[in-house]
Structures are given as C-alpha cells and as structure tokens.
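There are 2 protein chains.
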Amino acid sequence: MKKKKLIREIGEFGLIERIKKQLAKGYKLPKSYRSIVVGIGDDAAVVETEPDKLLVATTDILIEDIHFDLKTSPPYDLGWKLMAVNLSDIAAMGAVPRYGLIVLGLPVDTPVETVDKLIQGALDLAKKFKVFLIGGDTVTSPDKLVVNLVVWGVVPKERVLKRSGARVGDKIMVTGTLGDSAAGLEILQSAGRLTKTDWAKELIKRHLRPYPRLKEAQLLGSRRLVHGLIDCSDGLALSLKFIGQGSKVGAKIWADKIPVSGALKRYSAISRKAACSYALYGGEDYELIFTVPRDKEKETIKSIKKISGTEVTSIGEIVPLKSGFTLVDDKGKVNKLKAGGYEHFSVSPKNKR
Amino acid sequence: MKKKKLIREIGEFGLIERIKKQLAKGYKLPKSYRSIVVGIGDDAAVVETEPDKLLVATTDILIEDIHFDLKTSPPYDLGWKLMAVNLSDIAAMGAVPRYGLIVLGLPVDTPVETVDKLIQGALDLAKKFKVFLIGGDTVTSPDKLVVNLVVWGVVPKERVLKRSGARVGDKIMVTGTLGDSAAGLEILQSAGRLTKTDWAKELIKRHLRPYPRLKEAQLLGSRRLVHGLIDCSDGLALSLKFIGQGSKVGAKIWADKIPVSGALKRYSAISRKAACSYALYGGEDYELIFTVPRDKEKETIKSIKKISGTEVTSIGEIVPLKSGFTLVDDKGKVNKLKAGGYEHFSVSPKNKR
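One line per chain: the protein sequences are W and X, in this order. All residue numbers for the first sequence refer to this note's numbering, where the first residue is 1 and numbers rise by one. All residue numbers for the second sequence refer to this note's numbering, where the first residue is 1 and numbers rise by one.
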C-alpha cells in the first residue's frame with residue numbers, strides 16, 4: 001500500500017497552493033458579487049461590495065503550545081496579540097478595521113479570570129483603533145486553549161495596498177526596528193535573570209504586545225506612495241520573498257541598513273548571534289515592509305515621521321526577478337539571501353514557538 | 001487563598017453574558033459605522049454598511065474529540081458540516097451568504113488526503129449556495145484537528161430575521177423533521193449492525209451532512225411572514241427558550257405535533273426513548289424554528305412547500321412570558337418544558353459529542 005503523504009511533507013505554503021487550486025476549480029463569480037480583489041495568498045481577503053468600496057477580511061488563530069505558552073504569555077498579552085496580528089493584516093491592505101468576531105475554545109477547567117483578562121487585552125487594543133467585537137463562538141476544547149479572531153474593515157479601492165505592486169528600481173523600506181520580537185521570545189524561553197534588565201523588558205514587550213502599524217499603512221495608502229507592501233510577521237527574508245513572488249521581482253538589501261534597536265544590539269552581544277539575523281529570520285515584528293518609487297523615498301520618510309512619529313528606513317532596492325534575492329554584508333560582499341523564517345508544519349525546532 | 005472560578009462553573013451562557021458586559025463598557029459607535037443591528041447573542045452578527053444594506057457575519061469552530069470524532073465522521077462530511085453550520089447561521093438571519101474564510105489547525109502528521117477531502121466537502125456545499133472561500137489561516141495544532149469557518153453575507157434591512165420578534169398569539173412552526181441528527185449520532189457511537197439498515201443510514205446522513213435551510217429562510221424574509229426565527233442547532237427546547245428570551249415571551253407546544261421522521265420512529269422503538277425527546281433535547285438538526293402571526297399560518301405552509309418543496313409544521317403558540325414554557329403531552333396534560341439541549345462547558349456526558 002502506498003504511504004499517505006503527510007502535511008509536514010508539503011509544508012504550509014505547499015498546502016496553501018493545493019487549497020488554492022482546489023478552490024479555483026469550476027467556480028464562476030456571479031455578477032452581483034462585483035469582484036474578488038484579493039483572494040487566497042495575501043495578508044487578508046478583499047472584495048468589492050459597492051462600486052470602488054472594498055471590504056477587507058482577515059482571520060488568525062493562536063493555539064496553545066504552538067503559538068504561545070501560558071507560562072510565558074499572560075492571558076492579557078495573549079488577547080492583545082491576537083488582536084494585534086489581525087489588525088496588522090488589515091494594516092497590510094491599507095484598510096481601516098471596523099468589526100471583529102472572537103472564537104474561544106476553552107478547556108472546561110480554564111479559570112474565568114483567564115478569559116476575562118484575554119478579552120480585556122483584545123478589547124484594550126481594539127478600542128485604540130475603534131474596532132468593535134460583535135460576535136463569535138465559544139466552545140469546549142479538550143486540552144489546549146484555542147483563540148481565533150476575525151476582523152474586517154473597509155478601504156476605498158484606490159487606496160488598497162497589496163504585495164504585488166513592487167517594481168524594479170523601487171526603494172525597499174521598513175517602519176520601526178526589526179528582530180526585537182524574536183529576541184524577546186528567546187529571553188522568555190531562557191527564563192534567566194536577563195528578564196530583569198530594562199532592555200530585556202523592552203524586547204519581551206515587543207514580543208508580547210506588538211503594535212499594529214495601522215496609522216502608517218493608512219497614510220501610505222492615502223498618499224499613494226506605495227507600490228508593494230506586507231506586514232512583517234514571518235521575518236524580513238520571507239517577507240521580501242512574498243513581495244517578490246507577488247510582484248515577480250527580486251530584492252537586494254544591505255545588512256547594515258536593517259534598523260535594529262539598541263536593546264537588540266545589547267542582547268545580540270550576549271547571545272552571540274548577529275542582530276540582523278533576528279531581523280531576517282525571526283518574525284512577529286509586525287512592522288511594515290514596502291516599496292516606493294525611488295523619487296518618493298525622502299517624502300515617504302518625512303511624511304510618516306511627521307504624522308505618526310514612526311521612523312522609516314530604506315534598506316535596499318527591488319531588482320529584476322532573475323537577479324534573485326541578495327544580502328550585501330558589512331564588507332560589501334553580495335551573498336544570496338537564504339530562505340528562512342517562520343513556516344507552519346515545518347518539523348524544525350523553530351516550529352515550536 | 002480563594003479558589004478561582006472555572007469556566008465549567010459558569011457554563012457557555014454565563015460566559016457569553018460575561019463577555020457581553022465586558023465588551024459593552026465604554027464603547028461608543030462612531031457615526032461613520034452606521035449601526036450594529038445585531039450584536040453578541042444571536043446566530044450571527046449584523047451591521048449596517050450602506051443605508052438599508054446589512055452585512056451578516058458568523059463563525060463556528062469544530063474541534064476534534066469535542067464536536068467530531070474522525071472515527072465516525074469522514075473528513076469530507078466534516079468539511080460539509082463545517083460549511084452547513086455556518087450557512088445555517090446565515091439562514092437564521094434571512095441573509096444570502098457570499099464569502100468565507102477557512103482556518104485549519106492541523107497536527108503535522110495529518111494526511112494531505114484528509115485536508116483535500118475536508119476542503120472538498122466544504123466546497124461542494126459552498127458551491128450549491130454560491131459561497132466563495134477567499135482566504136483564511138493554516139497553522140500547526142499540537143494534537144487535535146481544529147477547523148474554523150467564517151461566512152458573511154448580505155440582506156436588505158427590511159428582510160432581516162431575528163430571534164427577538166415573536167409576539168403573543170403567534171404560531172410556532174418548524175421546517176422538516178427534528179431529532180434525526182441526535183439519533184444518527186447515537187447509532188454512529190454504538191457502532192452496531194444497525195448502521196446497515198436504510199433508516200439508520202438516513203439518520204446518520206442527517207447527522208453527518210446537515211443541509212442549511214437558506215432558501216426557506218430567504219423566502220420567509222422576503223415575504224415578511226416571520227416575527228421571530230432561529231436555526232435549531234441546540235435542540236427544540238433550548239431553541240424555544242432562545243426565542244422566548246429574545247422576545248420576552250413564553251411558548252406552549254404539543255408533543256404529538258412535533259414533526260419526526262419515519263426513520264426516527266423506527267429507531268426510537270429500538271432505543272426505547274420517545275422520538276420527541278430526540279427532537280426536544282438532541283440538537284444539530286439545523287431546521288428553522290420560527291413564529292408567524294396566526295392569520296399567516298396557512299399561507300406560510302403553502303408558499304414554503306410550493307417554492308422549496310419543504311414541509312412546514314405548526315407545533316404550538318407563543319404565550320405571555322409569565323405563562324412560561326410548556327409541553328402538552330399526548331394525553332393532553334400540560335407539563336413544564338424541561339430546560340436542556342446542548343450547552344458547551346457543561347460537565348455532563350452530553351458534552352462529548
């Protein structure tokens with residue numbers, strides 16, 4: 001008998017491709033639906049509801065012992081993060097979030113207090129962006145805590161941001177700093193005395209309470225500055241590949257231009273891993289990675305800074321597809337940019353986080 | 001130290017009330033949002049997006065060993081059911097479903113074939129109602145299969161159906177037959193030779209492949225025949241209580257009027273439980289339970305039958321709140337209608353299904 005192929009053998013992206021093909025078969029959109037602007041494979045799904053008005057919807061699930069460990073993630077932070085990762089996907093489309101549905105799968109011996117705090121964490125972040133939780137589902141889970149959130153929002157058609165618009169010659173830019181979240185997770189998992197220093201607390205906070213770049217993304221959309229954009233949930237390397245795949249281009253970046261925080265530099269000296277490797281392969285930073293035409297570089301940096309206070313850094317440029325993905329190291333040597341970053345169903349130890 | 005209160009002690013409905021109160025605190029809807037027509041506590045959430053145009057959204061999660069057992073639920077049927085329960089919630093609002101997002105939490109050793117079949121089951125039912133799956137999330141799950149679906153649709157404001165419109169004197173009506181699904185589950189769980197008879201197969205099919213009453217609900221909405229409506233996912237007794245709570249009324253029903261199938265009657269003779277007890281306390285039938293003004297009873301039965309072929313049966317009437325919920329038995333004796341039906345986080349053996 002032929003051995004059955006397992007999910008771990010095809011990986012997350014293999015699975016998504018497979019589902020995409022299966023769903024595409026024999027499906028024809030009725031006229032009354034107008035159009036699906038963005039289907040499976042971007043940060044969120046986008047459909048046209050009225051002429052030039054788009055509905056953006058996204059969902060993200062967090063499962064205990066895969067995405068979080070209640071020993072290191074307090075329930076309040078877990079709720080916050082659940083909201084943050086969904087809002088970051090809404091940001092990645094340039095949209096304004098409106099409503100959410102929350103799904104709780106709870107072991108029966110979960111303390112009520114845990115749920116109270118989880119909801120409060122999600123709610124406190126939701127309030128900052130006027131997102132209303134208006135429904136969901138509550139069920140028993142056999143042993144692990146499962147939380148899923150759905151968020152939808154709106155965006156005028158001409159302001160929607162996608163992964164797929166990057167053009168050769170574009171500047172590649174990022175908001176804030178990268179790599180802090182992965183370093184914060186390492187510190188939490190080591191459970192050592194490091195957690196008491198201010199810089200370690202800063203890194204841990206970046207891991208537990210990411211802040212979605214909604215304001216910045218909406219601004220980029222309204223000014224029409226951006227060609228291609230993604231939120232950095234799986235590390236810089238993989239995010240660049242996603243933009244590259246979506247836009248059929250390559251990318252060249254400079255290691256010493258990648259913005260890293262002072263806190264990460266301090267931790268990096270202790271962990272003896274390059275700060276930029278946390279940025280490239282860590283993930284969960286939820287910063288924006290985007291491309292702008294070369295002549296809009298300065299304007300972009302200035303206007304984002306002025307309106308939101310957020311630093312934007314130029315780290316490289318979009319190159320033709322055949323040039324691939326490269327990283328220029330601090331000695332000026334051009335290396336192939338290794339693939340990597342977070343992928344579900346992979347069997348490496350990284351899977352557990 | 002005070003012992004922490006656990007979820008099992010407050011139950012599903014206690015939890016929902018708690019979350020509702022927590023979310024309500026200090027939240028004011030911006031004018032640009034128009035209005036939340038139906039928030040937490042109905043079958044689906046409803047918001048106004050354009051003047052008189054409503055967006056209806058619902059989500060339902062199924063977790064292995066709580067909602068299904070892969071030994072008795074083939075993956076195709078599981079996918080079908082996931083779609084069916086969500087579409088039934090859309091039906092309960094009188095809406096037309098449009099799009100869906102699917103979330104898969106998969107143990108890494110899940111066969112790819114299992115996922116293919118699951119998606120195919122969901123897709124085949126989706127196609128019947130022109131529902132498009134356009135996104136979602138795929139993640140690793142430590143040990144149990146977790147599937148979550150979000151579906152949204154649209155309904156003109158004047159056609160929306162709610163639990164809350166029932167009035168004293170209304171007739172209580174149901175589509176199809178009740179109790180089959182619970183009997184089908186019992187047969188599956190007993191795993192005996194019964195499964196080979198035609199009537200047993202019929203009951204099992206009702207459990208594994210429920211069919212959402214979208215056409216019937218949309219018709220009821222468009223003809224404005226209905227006062228209060230719910231889809232019967234938790235058994236007739238609990239469904240009536242939900243309508244009662246939502247509308248601040250009571251209900252009186254006749255046991256011998258509850259429509260039960262020939263298959264259920266045969267099984268009931270073997271299981272030695274009254275057929276109507278499966279209808280009252282079984283759940284997962286996904287039929288519509290609704291109330292219409294007394295003078296619309298005949299028109300309702302006739303028009304639903306004519307257009308969809310579905311039988312509608314009158315089983316009782318709406319009474320004042322103070323009269324409570326009563327069941328008239330086949331000897332004409334009026335009994336208090338026992339509470340019961342499916343509630344999550346309860347610790348009875350019924351929890352496991």
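Be a bit skeptical, because a hint or two may be false.
A pair holds if it fits inside one copy or across any two, identical chains being indistinguishable in the list.
As the list claims (entries may be wrong) - Straight line, CA to CA, 25 Å or less: simulated DMTMM-like cross-link-like pairs of lysine to aspartate or glutamate:
#1 K157 / D52
#2 K127 / E17
#3 K338 / D65
#4 K5 / D295
#5 K25 / E311
#6 K157 / E50
#7 K144 / D65
#8 K71 / D143
#9 K157 / D143
#10 K322 / E9
None of these hints come from the bench; they were simulated from the model.
Okay, the hints, checked on the actual structure:
1. K157 / D52: Both ways: K157 and D52 sit 5 Å apart in one copy and 22 Å across, limit 25 Å.
2. K127 / E17: Intra 36 Å, inter 20 Å, cutoff 25 Å: inter-copy only.
3. K338 / D65: Intra 28 Å, inter 41 Å, cutoff 25 Å: neither.
4. K5 / D295: neither (49 Å within a copy, 60 Å between copies)
5. K25 / E311: neither (45 Å within a copy, 34 Å between copies)
6. K157 / E50: both (10 Å within a copy, 16 Å between copies)
7. K144 / D65: both (8 Å within a copy, 12 Å between copies)
8. K71 / D143: both (15 Å within a copy, 19 Å between copies)
9. K157 / D143: neither (43 Å within a copy, 41 Å between copies)
10. K322 / E9: Classified as neither; 28 Å inside a copy, 62 Å across copies.
Comparing the model with each numbered hint stated earlier shows that hints 3, 4, 5, 9, 10 do not hold.
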